[in-house]
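2 protein chains.
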Amino acid sequence: MSEKLTLGVAARLSTYLRILTQSRKQGLQSISSQEISEYANVNPTQVRRDLSTFGKFGKRGVGYNVDSLLNQIQGILHTGGVHSLALVGAGNLGTAIVTSSIFKDHGFGIAAVFDRDPARIGEKVGDLIIEDAANIALRCKELGVVLGVLAVPPESAQWAADQLVAGGTKIIFNYTETLLSVPEDVTIHTINPAEEMLYALYFYLT
Amino acid sequence: MSEKLTLGVAARLSTYLRILTQSRKQGLQSISSQEISEYANVNPTQVRRDLSTFGKFGKRGVGYNVDSLLNQIQGILHTGGVHSLALVGAGNLGTAIVTSSIFKDHGFGIAAVFDRDPARIGEKVGDLIIEDAANIALRCKELGVVLGVLAVPPESAQWAADQLVAGGTKIIFNYTETLLSVPEDVTIHTINPAEEMLYALYFYLT
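The listed protein sequences derive, respectively, from chains C and U.
Once you know that position 170 of the first sequence is 319 in the numbering used here, the rest is easy, because the numbers rise by one and skip nothing.
Once you know that position 135 of the second sequence is 284 in the numbering used here, the rest is easy, because the numbers rise by one and skip nothing.
Bear in mind the hints are in silico, worked out from the structure with no lab data behind them.
Heads up, the beta-carbon is just placed ideally off N, CA and C, and yes, glycines get one too.
Among the hints, a few may not be true.
[Claimed, not checked] Derived CB-CB ranges, DEER-like:
#, chain 1, residue 1, chain 2, residue 2, range
1, U, Gly293, C, Thr355, 12 to 22 angstroms
2, C, Lys174, U, Asp311, 14 to 24 angstroms
3, C, Leu177, U, Ala283, 28 to 38 angstroms
4, U, Phe352, C, Ser233, 44 to 54 angstroms
[Stated by the list, open to error] Here are the simulated DSBU-like pairs of lysine-lysine, each with C-alpha atoms no more than 35 angstroms apart in a straight line:
#, chain 1, residue 1, chain 2, residue 2
5, C, Lys253, U, Lys319
6, U, Lys253, C, Lys273
7, U, Lys253, U, Lys290
8, C, Lys253, C, Lys153
9, C, Lys319, U, Lys253
10, C, Lys319, U, Lys290
Next comes chain C alone, as it looks inside the complex (with noise of 0.2 angstroms):
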């Protein structure tokens, strides 16, 4: 498969390789089709097929080995390895973002933390040292950082959305409302769980 993977294969890969990444967690060696289509909200025709098309068929009765197809769908979204992030923003939601281990179990290792309130600058947030938020374009330049994320309140969230870009990030991560103004080849994913509870309300009304 060298051909580019359309938009709604690749978010159903990207579901179905943080399903399997918590199953091997959960040490589970094996999972069906029907299982990931429940973890998924994806109907099991759609899973099986998805699948197959990557020639890996889940045997009868008993499912799929589960590393070995995280190890092939991490082959076709190229997202194997350790791929490092720099947070802006040791606030609650930062330290919690720090001290979760759903990055760090995915092969996303936070590189660097940064906060702009002089008395959290120095600090310990998990194994990190809060650093200075002037420096976030400096630093993501030396830690060659092209994710970041953000977590900060959202009056700054443009400026520090800018520090970012500055230092070459070109993957944001918005965890505010604010809606953000970057270069076109800078993508912003707002993080907003306020519209993901509109789309599930609307199937539970409908």
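Since the structure of chain C is already known, use the hints to place chain U on it.
Coordinates of chain U only, in the frame set by chain C:
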């Protein structure tokens, strides 16, 4: 429009609603399909097609009226009004959720927050008093809550989900990586930033 929307349309309309809600908050009165497109990471033709389906045409050079489009999409998604949710977990993530305005801005009110830690019960977080997680089922019934949010450690997630289900919750937003088992009439939405990062990284790398 009384027929049910497809998954894709409902997802995009939820995204547009998030963008319009924030545009209004930032004081914008009109917005172009190009701007919606950029904030939503959806191509402009798709945005115009989605919106024209519902008989709403933006004026060339002026764009869409934010308030009117927002009301119209709320009508289509049946998501106007206020929806109560129960939050389990008052740690860093739970506190970030309670103190953020993101939910409130979109019509989601946090009706109750629960924790298992005796030291936290009775403490104030935002405007709420942390309640004993032992009472989740009882309190959710009293409050008539159908939306639950899990912001607990992974090892408590299944227990907390069981309590929410016992209390009548039908949609659970799971911020933990734990794969949850729930009855068929309950939907789990897993909020996992790593999954979104894998997806974004694929498009960046290819």
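Worksheet item: So which of the earlier hints does this model not fit?
Response: When the structure is compared with the hints, numbers 4, 10 turn out to be violated.
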